[in-house]
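Next come the chains, spelled out residue by residue.
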Amino acid sequence: PPERKRFYQNVSISQGEGGFEINLDHRKLKTPQAKLFTVPSEALAIAVATEWDSQKDTIKFYTMHLTTLCNTALDNPTQRNKVQLICAAVKFLETDTICYRVEEPPALAELQKNEWDPIVAWAENRYNVAIGSSTSITGPNIPASTKDTFISHLASYNMWALQGIEYVITQLKSLILSMGLIDRHITVEKAVLLSRLEEEYQIQRWGSVEWAHDYDLCELRARAAAGTLFVHLCSESSTVKHKLLQD
Amino acid sequence: MAALGSPLRTLRGLLRELRHASARAGRPYRDTPAYQHVMAAFRAHRVTSEKLCRAQQELHFQAATYLCLLRSVREHLALHREYHGKGERSPREVAGLVGFRLPQQPGGKG
Chain D
1 PPERKRFYQN
11 VSISQGEGGF
21 EINLDHRKLK
31 TPQAKLFTVP
41 SEALAIAVAT
51 EWDSQKDTIK
61 FYTMHLTTLC
71 NTALDNPTQR
81 NKVQLICAAV
91 KFLETDTICY
101 RVEEPPALAE
111 LQKNEWDPIV
121 AWAENRYNVA
131 IGSSTSITGP
141 NIPASTKDTF
151 ISHLASYNMW
161 ALQGIEYVIT
171 QLKSLILSMG
181 LIDRHITVEK
191 AVLLSRLEEE
201 YQIQRWGSVE
211 WAHDYDLCEL
221 RARAAAGTLF
231 VHLCSESSTV
241 KHKLLQD
Chain G
1 MAALGSPLRT
11 LRGLLRELRH
21 ASARAGRPYR
31 DTPAYQHVMA
41 AFRAHRVTSE
51 KLCRAQQELH
61 FQAATYLCLL
71 RSVREHLALH
81 REYHGKGERS
91 PREVAGLVGF
101 RLPQQPGGKG
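Chain order of the listed sequences is D and G. In this text, residue positions in the first sequence follow UniProt numbering: the first is 1, and each later residue adds one. In this text, residue positions in the second sequence follow UniProt numbering: the first is 1, and each later residue adds one.
Don't read these hints as lab results, they were simulated from the structure. Among these hints, one or two may not hold up.
Simulated restraints, written as ranges between beta carbons of each label pair [said to hold, decoys possible]:
hint	chain 1	residue 1	chain 2	residue 2	range
1	D	R80	G	G99	52 to 58 Å
2	D	G207	G	E82	51 to 57 Å
3	D	E199	G	R81	54 to 60 Å
4	D	K241	G	P28	31 to 37 Å
5	G	R89	D	R80	42 to 48 Å
Fair warning: this is a prediction, and the values are worked out from it, not measured in the lab. All residues carry an ideal CB built from backbone N, CA and C; glycine is no exception.
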């Protein structure tokens with residue numbers, strides 16, 4: 001289907017009863033399920049407005065990651081509650097990218113050890129849990145107490161922030177890398193690099209279809225950055241007081 | 001805290017990206033809410049000196065993350081245009097891709 005043309009001149013934000021709204025000329029932005037698009041954070045609204053104002057001739061929704069995240073938070077299309085979201089997030093630990101190690105080739109095994117061990121150690125220290133790593137096909141054996149700790153920790157986030165956290169985890173395929181980002185221990189660029197360690201290794205060995213590599217890299221960076229920013233903007237104490245985030 | 005480098009460099013990078021974004025909208029970037037918000041935040045927290053307190057570090061991380069988002073989206077879009085947006089190539093372009101030139105046939109195919 002052809003892309004939708006930019007149909008508005010001006011983008012502005014305004015404050016309504018429910019939170020901050022986005023105006024496209026005189027029209028108020030709505031979600032895919034036709035709800036009023038309202039966000040709890042002014043900074044988030046500004047960033048969303050910037051996405052809409054950056055569109056030139058056609059609206060490229062696939063570049064508007066913050067808008068998409070807000071729509072998901074507002075519409076909750078998968079109809080998951082807080083508990084289900086948390087369980088989905090923590091379940092990823094069982095197949096966490098940085099816990100799954102290869103034995104062959106030795107160079108890759110070494111690279112994984114050097115790059116991933118410090119992050120696992122950081123998480124174990126920060127959360128006072130045992131995680132470890134494994135070369136077994138079934139992956140690492142995560143103790144129940146470790147899962148409980150993460151479940152507890154994630155429960156401290158509101159529903160909006162949780163949508164963001166779960167999004168980052170599915171993009172990076174790693175709970176630990178995502179927590180590294182949320183806790184500001186690593187940058188987005190580093191988290192993405194660590195998430196794609198095996199790809200980067202293969203590319204260095206075998207070369208790449210350059211543009212395809214950069215294309216995937218940019219897209220993952222954009223999504224991880226959007227998710228992280230979304231979580232932080234929805235968790236700031238100034239934002240948390242907002243009605244939209246009371247769950 | 002993540003290794004973020006110089007806050008001033010992050011700010012410059014972020015402003016550059018906002019300039020790019022506004023260029024697409026055809027409006028001076030200093031008028032945009034995003035520019036004003038970023039400048040106000042950096043001024044309020046004085047996030048330009050080398051040693052930063054926790055709140056300043058959090059703001060710096062946020063700015064660096066937003067910079068990453070804007071830059072990655074722009075680069076992704078550019079790659080998308082370059083490699084996905086061109087539509088069908090002409091027979092001449094296709095031939096050129098594999099190193100051939102189409103024969104000249106002044107009288108048509110015959």
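Against the structure, the hints come out as follows:
no.	hint	result
1	D/R80 to G/G99: 52 to 58 Å	holds, 54 Å
2	D/G207 to G/E82: 51 to 57 Å	violated, 19 Å
3	D/E199 to G/R81: 54 to 60 Å	violated, 23 Å
4	D/K241 to G/P28: 31 to 37 Å	holds, 34 Å
5	G/R89 to D/R80: 42 to 48 Å	holds, 45 Å
Checked against the numbered hints above, the structure breaks hints 2, 3 and satisfies the rest.
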